[in-house]
Every structure is written in C-alpha cells, then in structure tokens.
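Sequence order for the protein chains is W and X. Its first residue numbered 42, the first sequence is counted upward by one per residue in the working numbering. Its first residue numbered 42, the second sequence is counted upward by one per residue in the working numbering.
Hints were generated in silico from the structure; no laboratory data involved. Keep in mind it's a predicted model, so treat the numbers as computed, not measured. Be aware that one or more of the hints could be misleading.
To be verified - Straight-line distance between alpha carbons at most 20 Å, and here's what the computed EDC-like set of lysine to aspartate or glutamate pairs gives:
(1) X:K185 x W:E188
(2) X:K72 x W:E152
(3) W:K72 x X:D208
(4) X:K149 x W:D208
(5) W:K292 x X:E152
(6) X:K258 x X:D268
(7) X:K292 x W:E152
(8) X:K72 x W:D215
(9) W:K172 x X:E152
(10) W:K149 x X:D208
Number of protein chains: 2
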Amino acid sequence: MSSDQEFLDFLRFSQHRVENALQTYLPNTSKAPSRLHEAMRYSTLGSGKRIRPMLVYATGQALGITLDKLNAPACAVELIHAYSLVHDDLPAMDDDDLRRGKETCHVKFDEATAILTGDALQTLAFQILSKDTSGQFSAESKIKMIEQLAFASGSRGMCGGQSMDLDAVGQDIDLVHLELMQIHKTGALIRASVNLGALSNSETSTDEAKRLDHYAKCIGLAFQIKDDILDVEGDPMMIGKTRGKDAKNEKPTYPSLMGLDGAKEKAELLRQDALDQLSIFDHAAAPLRGLAEYIVSRKH
Amino acid sequence: MSSDQEFLDFLRFSQHRVENALQTYLPNTSKAPSRLHEAMRYSTLGSGKRIRPMLVYATGQALGITLDKLNAPACAVELIHAYSLVHDDLPAMDDDDLRRGKETCHVKFDEATAILTGDALQTLAFQILSKDTSGQFSAESKIKMIEQLAFASGSRGMCGGQSMDLDAVGQDIDLVHLELMQIHKTGALIRASVNLGALSNSETSTDEAKRLDHYAKCIGLAFQIKDDILDVEGDPMMIGKTRGKDAKNEKPTYPSLMGLDGAKEKAELLRQDALDQLSIFDHAAAPLRGLAEYIVSRKH
C-alpha cells in the first residue's frame with residue numbers, strides 16, 4: 042500500500058472515530074436547552090477535516106497507545122477548534138456565512154446562540170478531559186493535559202492569536218509579526234494536540250517529547266501557510282468557503298509578504314524539518330509522516 | 042462586634058484577597074496581545090461584589106482550610122463569572138452599556154475584543170485550577186474541582202441558563218420554568234463556588250458536603266430573586282446599571298410572576314432554609330451565615 046493511501050486511511054479512520062466519540066460527548070438535543078444543544082451539535086458534527094484529533098491519535102499510535110483510550114483528548118482539541126470557528130465567524134469577527142460547506146452557526150441559528158455555543162463548546166472540552174473515565178490516564182496526566190490545552194487555547198495561545206490577527210487588519214506588519222501571530226492562532230492548538238498525544242503515555246522520553254513538539258511546531262506553521270496559499274489559489278468548492286477573503290479584508294498573509302512561490306518554498310522546508318524530527322520513530326509514526334506531506338499538498 | 046459587621050469585614054477581606062490574586066493571575070498588559078490583556082484586566086479587576094470568591098473562602102473557613110490556599114478556586118469562579126458578564130452584555134445578547142458602574146467591555150473596546158476577552162477569561166479559569174502550585178490540592182482534588190466548575194459553567198449549567206433566558210424573552214413562562222432557568226443561569230456557579238470550597242478539604246464529610254450544597258442552592262436562588270427585585274425597586278446609582286431592563290426586555294422575573302411581595306417572601310424562606318443547613322457548623326461558618334442575610338437584605 043502507498044504511504045499516501047495509508048495516511049488517508051488513517052485520517053478517515055480518525056475522522057470516523059472522533060465523530061462517534063463527539064456524538065456521545067455532545068449533549069443530546071432532547072435535553073434542555075435543546076436549541077443550544079442543537080447548535081453545539083450542528084457546529085461540531087458531520088464535517089471538518091479533524092486534523093487535530095487525528096494528531097492526537099497519530100501521536101498516541103507512534104508511542105504505542107491503544108487508540109480507543111485517546112477519545113477524550115481527541116474530542117477536547119476538536120471542541121476547542123470548533124468553538125473558535127463559531128466565534129471567529131461572528132459578524133463582529135471575520136463575518137463569514139459559510140464554513141465547512143454549510144451555513145455558519147450565527148446564520149443557521151442567531152448571533153446570541155452562536156456566542157453561547159462557542160462558550161459551551163469550550164467548557165465541554167475541559168469537562169471531557171476532567172471527566173474521562175477510560176481509566177487510561179492518572180489524575181496527574183489529566184491535569185497536565187488540561188494545563189497544556191488551556192495554555193494553548195487562551196490569551197497566550199489561540200485566542201491571543203485571533204486578537205493579534207484582528208489588530209493586524211489594515212496594518213503593515215512584517216514576517217516576524219505574522220509568524221508570531223500564526224504560532225499563536227493556529228500553531229498553539231496543533232502543538233497541544235501532539236503534546237496531549239505525547240502525555241497519553243507516561244513513559245514518553247524527554248527526547249521523544251521534544252521531537253514531537255518540534256514536529257508539531259513545523260506542521261502548525263506549514264498548515265497556516267498552506268491555508269493562506271489556498272485562500273489565493275484554492276477552489277472555493279473544495280475549500281468550502283469564499284476565496285480571497287484575506288485580500289478583501291486587507292489581512293497580511295504569507296503570499297502577500299513573501300510571494301506565492303516564497304510561501305510554497307517555506308511550507309516545503311517546514312515539511313522536511315517535520316519529517317526529520319520523526320527519524321527516531323518506527324513505522325507506527327507513518328500517519329504523522331503522512332500528515333506532514335498532506336498538509337503541504339492538500340487542495341482544501 | 043455585630044454579625045453584620047463581622048460579615049462585611051469578611052466580605053471586604055475576600056474582595057481584597059481575590060483582587061490581589063486576580064492581579065497576579067491575569068496576564069500583564071506588557072505581554073502581547075496587550076489590547077486583549079488590557080480588556081481582560083478591565084473586565085475583571087477593580088469592581089464587582091466578589092460573592093462567588095467570597096463563598097469559596099467562607100466555605101473553606103467553615104471547614105478549617107487556611108484561606109491563602111484558596112486563591113486559585115476563588116479566582117477561577119470569579120473569572121467564569123466575569124467572562125459570562127462580558128458575553129451577556131454584548132449587543133447580540135442583553136446589549137448593556139453599563140456594568141459594575143463602568144462601560145461594558147464592548148463599549149470600552151469593541152465587540153470582537155469583548156468576544157475574545159470572554160473566551161480567554163473562561164480558559165484562564167481552567168488554566169489556574171490546573172496550574173495551581175499552592176501545594177494544597179492533590180491532582181485528584183484539582184480534577185474534581187475542574188469537573189465541577191466545567192459542569193456548572195457549561196450547557197447544563199450557567200451557559201445553558203443564559204440560553205434558556207434568551208429563549209424565554211417575550212414568552213409566557215411559568216414559575217417552574219423560571220426557577221429551572223435561574224438554577225442554571227445563576228445557581229450553578231454559586232453552587233460550584235461552595236462545592237469548590239468543600240472540595241478544598243479532603244476530609245469534608247458527606248453530611249457536611251450535602252448541607253453545604255443545599256445551602257448553596259438556597260442562596261443561589263435567593264440571589265437571583267433579589268436581583269429581580271432590585272431591577273424593579275433598586276437605586277440605579279447603587280446597582281450600577283439601568284433599572285427596569287427586565288420589564289423593558291419583556292423578561293419573565295419573580296416579581297412579574299408572583300408579585301413583589303411574593304418574591305420577597307420566597308427570598309426570606311430561602312434565607313431561613315440556608316441558615317438551617319449551617320446548624321452543624323461552629324462559629325467559623327459565620328461568613329456563610331452572614332452571606333445568607335446579606336443576599337436578601339442588600340441594596341445593590
């Protein structure tokens with residue numbers, strides 16, 4: 042089997058697994074408040090690339106963890122991601138009508154519900170990690186996971202990156218600032234996904250943890266650069282959102298600062314660096330390797 | 042010293058203590074993103090009744106815990122409260138311009154910043170609980186606190202109550218539904234505050250925990266009823282917000298459903314029930330007793 046095919050199989054497998062787990066973790070619409078629960082499920086289930094949960098599973102696999110023990114951290118990172126999308130799409134933020142090929146939460150429901158939906162999805166992420174009864178993780182491991190996820194999500198991580206992004210609209214910012222912003226906005230949660238996977242095995246060595254963290258930093262940045270590239274040359278039908286939003290919103294991007302070719306070259310270098318970090322791992326790390334390839338080659 | 046005076050001293054002491062602790066926990070404005078950090082500090086520091094942190098300290102004191110060990114849970118509940126206020130005040134929600142006697146976050150900054158500020162304050166609550174290095178709590182206790190706080194904050198707690206509240210605008214709802222809504226919206230976090238205090242001592246007995254939880258349910262409901270009463274007859278200068286918002290927004294309230302006198306009588310019964318629960322505790326529970334009195338008698 043080609044390594045591409047192997048990666049795609051693992052991705053589909055992760056998507057299926059996390060979808061099932063999210064179905065269980067998300068509150069049922071038969072319970073009050075049903076409209077909020079409906080919006081939470083609408084904004085999380087049925088679509089999405091599930092890159093972050095896949096990273097949790099793939100890292101766990103590289104370290105020899107049974108995958109069905111990893112549902113809680115996999116769902117937690119996806120819930121944080123889903124909450125951030127619901128809030129980012131709000132009129133006061135990016136004002137997007139379309140997400141993952143369907144109406145955004147505030148369009149389908151209303152703005153107030155979208156605000157509360159994001160809020161409740163964030164809370165659920167921490168609830169799931171604290172409540173996890175798989176018996177896989179000690180209280181100490183859970184606390185480390187929560188600390189890691191909270192740091193990655195907060196004002197010094199994803200949420201801070203979003204704030205920097207808003208502040209940067211219409212501003213002349215340089216590559217250093219753009220990178221700092223992206224490391225927070227997208228990179229922090231991707232890094233947390235890998236690190237939660239690494240924390241799932243208490244026997245992970247310092248060298249393994251360090252390499253996995255560096256791998257995550259590389260693919261996180263590559264992921265954002267590729268997003269910027271797709272915003273310029275992606276197929277709107279494939280990317281599931283309007284193209285050229287960044288240019289329209291006067292947002293600084295990698296292509297706007299270093300040209301389309303420069304951005305592609307940088308993504309390629311990051312891919313190679315990411316793969317180098319994985320050299321100490323055996324074939325169990327194939328999905329992590331495949332992801333580094335996929336992030337740079339994907340069409341959506 | 043009168044018990045009123047004793048309670049007010051403890052409240053002032055708690056306010057001072059939690060303010061200092063929040064000053065330390067909240068990210069500094071010298072760190073990027075400074076605007077977000079400024080908004081987080083603006084929305085949390087300098088004002089607020091601090092009832093929830095006071096409940097953590099007062100419960101801890103009733104159970105013999107040294108108060109300086111309780112800063113993390115005290116700040117965590119206040120951060121969840123502060124985040125909910127920032128989001129509730131947004132134009133798409135309650136659309137309030139004034140809060141705690143000063144401009145609301147979205148008026149002082151902007152809507153996008155207010156959304157992110159609430160998001161980051163919520164995250165910080167969980168970060169503080171997971172990171173707490175006071176050495177007071179075992180990882181098991183921390184996990185229980187996080188689970189409790191997450192449940193109380195999420196779609197089956199505070200956030201769900203806010204959703205029910207929005208759904209109820211302009212609707213004919215009865216007393217049972219109003220109570221269900223309030224139990225979620227205000228009650229859940231007040232209950233969590235007491236329960237986090239109870240969890241701070243691993244030797245708390247089942248009977249103590251049960252009584253404290255019941256006490257918390259009573260004062261939580263009394264607190265909301267009193268808020269509704271103040272919205273009818275409070276002094277705008279004292280309550281720090283516009284009076285009559287509920288009536289204007291066609292929101293069902295206790296006074297609107299059971300009359301002003303009926304609402305006052307119910308608050309009084311809840312006060313008595315709350316005090317009855319504390320009968321097994323000694324003088325260390327004086328602040329909890331004082332709070333039950335204060336909630337019903339307060340002017341703002």
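Hints, verified against the model:
no.	hint	verdict
1	X:K185 x W:E188	15 Å, holds
2	X:K72 x W:E152	31 Å, violated
3	W:K72 x X:D208	15 Å, holds
4	X:K149 x W:D208	16 Å, holds
5	W:K292 x X:E152	19 Å, holds
6	X:K258 x X:D268	16 Å, holds
7	X:K292 x W:E152	19 Å, holds
8	X:K72 x W:D215	19 Å, holds
9	W:K172 x X:E152	33 Å, violated
10	W:K149 x X:D208	16 Å, holds
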